[in-house]
Amino acid sequence: MAATHTARILSLDKLANLLPSPLRPLHGKRAAPLALPDNIICFCRRSAADLNRPQSGRALHHRFVLILALETAVTVAVDDRAIRLNPGEGLLVLPFQFHDYIQPGREELRWLFITFDMVDAAPLQALRFRPFVITPVIRQTGAELVEAYLTRGEGDLTSLLLAVLLQRIRQAEPILRRHQKPSVTPGMIMQVNQLALGTDQPLSAKEIASSLGISASHLRARFRASCGVSLGRHLRRLRLEKACGLLRLSQRRVTEVGDLCGFTSIYSFSRAFHTAYGVSPMAYRHGDRARKPGS
1 MAATHTARIL SLDKLANLLP SPLRPLHGKR AAPLALPDNI ICFCRRSAAD
51 LNRPQSGRAL HHRFVLILAL ETAVTVAVDD RAIRLNPGEG LLVLPFQFHD
101 YIQPGREELR WLFITFDMVD AAPLQALRFR PFVITPVIRQ TGAELVEAYL
151 TRGEGDLTSL LLAVLLQRIR QAEPILRRHQ KPSVTPGMIM QVNQLALGTD
201 QPLSAKEIAS SLGISASHLR ARFRASCGVS LGRHLRRLRL EKACGLLRLS
251 QRRVTEVGDL CGFTSIYSFS RAFHTAYGVS PMAYRHGDRA RKPGS
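Every letter in the sequence shown is one number past the one before it in the working numbering, and letter 271, counting from 1, is 271.
Just so you know, the hints here were simulated from the structure itself, not pulled from any lab data. Keep in mind that this is a model prediction, so the values were computed, not measured. The beta carbon of each residue, even a glycine, is placed where N, CA and C say it ideally should be. Do not take every clue at face value.
DEER-style ranges, computed between Cβ atoms [as the list claims (entries may be wrong)]:
#, residue 1, residue 2, range
1, PRO174, ARG224, 36 to 42 Å
2, ALA225, ARG30, 47 to 53 Å
3, ARG253, ARG224, 34 to 40 Å
4, GLY213, VAL164, 40 to 46 Å
5, GLU256, GLY88, 43 to 49 Å
Assemble the whole structure, with the sequences as input and the hints as a guide.
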């Protein structure tokens, strides 16, 4: 530990010597508008059997899921792609992406998960389906993030360090030629999600199928074959997860959230939400997430 600390000091000394005297001391680098990650949860999976818990089947939710594979290779099935993560590699799963874990190299593993909310997802879209190498600087920033997470009262520091970590990942070289061939038409799941989430009023299966240029029955069959759930159930989950995001990230009234997510009344919205998550929409907004998975 002491040697590492000394190395950092020496590195900073060398870098400081490279800095020029400012010609305009009042004009420097300006920060772009910054959206910080929020509602951060860090946890570690130590066995392959635990990767697909706490829920069975393919996970789908409105949160980001940052994966750092520290030990053991596992394939992450994301939407219609299968991405093999070897030890020392990572991946960011974006909101509303189907994902589960298959083909573990062995039962024992160490995978670090960091899940979070973010108001503006646009800066991270470039990381979709893009595995990356956990470089020494990414590993060090990740260690500082976990240390802050484990320290009481360091929520602001945790958020700032995660923002730095995500920027380091965006700058990292992507791992190429890692995707297996998809089993269905590439992008079909993404297109369904974009159509379903891109309108204030919920679309029917027939309307979505028409937009994709196929029949509703064909869409239902292909969707169930690729995702393991019916299209109707998936669209309902999307509506509820969209509601979770609005409750967590906006100041809209609960009745307005239910309306925006396609529910005909506050009663039907509250009933569906409570059935899915075990709490009322208002209780969820106030932090009671009895059944809400962190991953």
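Against the structure, the hints come out as follows:
At roughly 32 Å, the beta-carbon separation of PRO174 and ARG224 lies outside the given 36 to 42 Å, and the hint is violated. For the pair ALA225 and ARG30, the supplied restraint of 47 to 53 Å holds, since their beta-carbon distance comes to about 50 Å. For the pair ARG253 and ARG224, the supplied restraint of 34 to 40 Å holds, since their beta-carbon distance comes to about 36 Å. Distance hint check for GLY213 and VAL164: the Cβ-Cβ separation is about 43 Å, which falls inside the suggested range of 40 to 46 Å.
Range check, GLU256 to GLY88: about 45 Å between beta-carbon atoms, so the 43 to 49 Å window is met.
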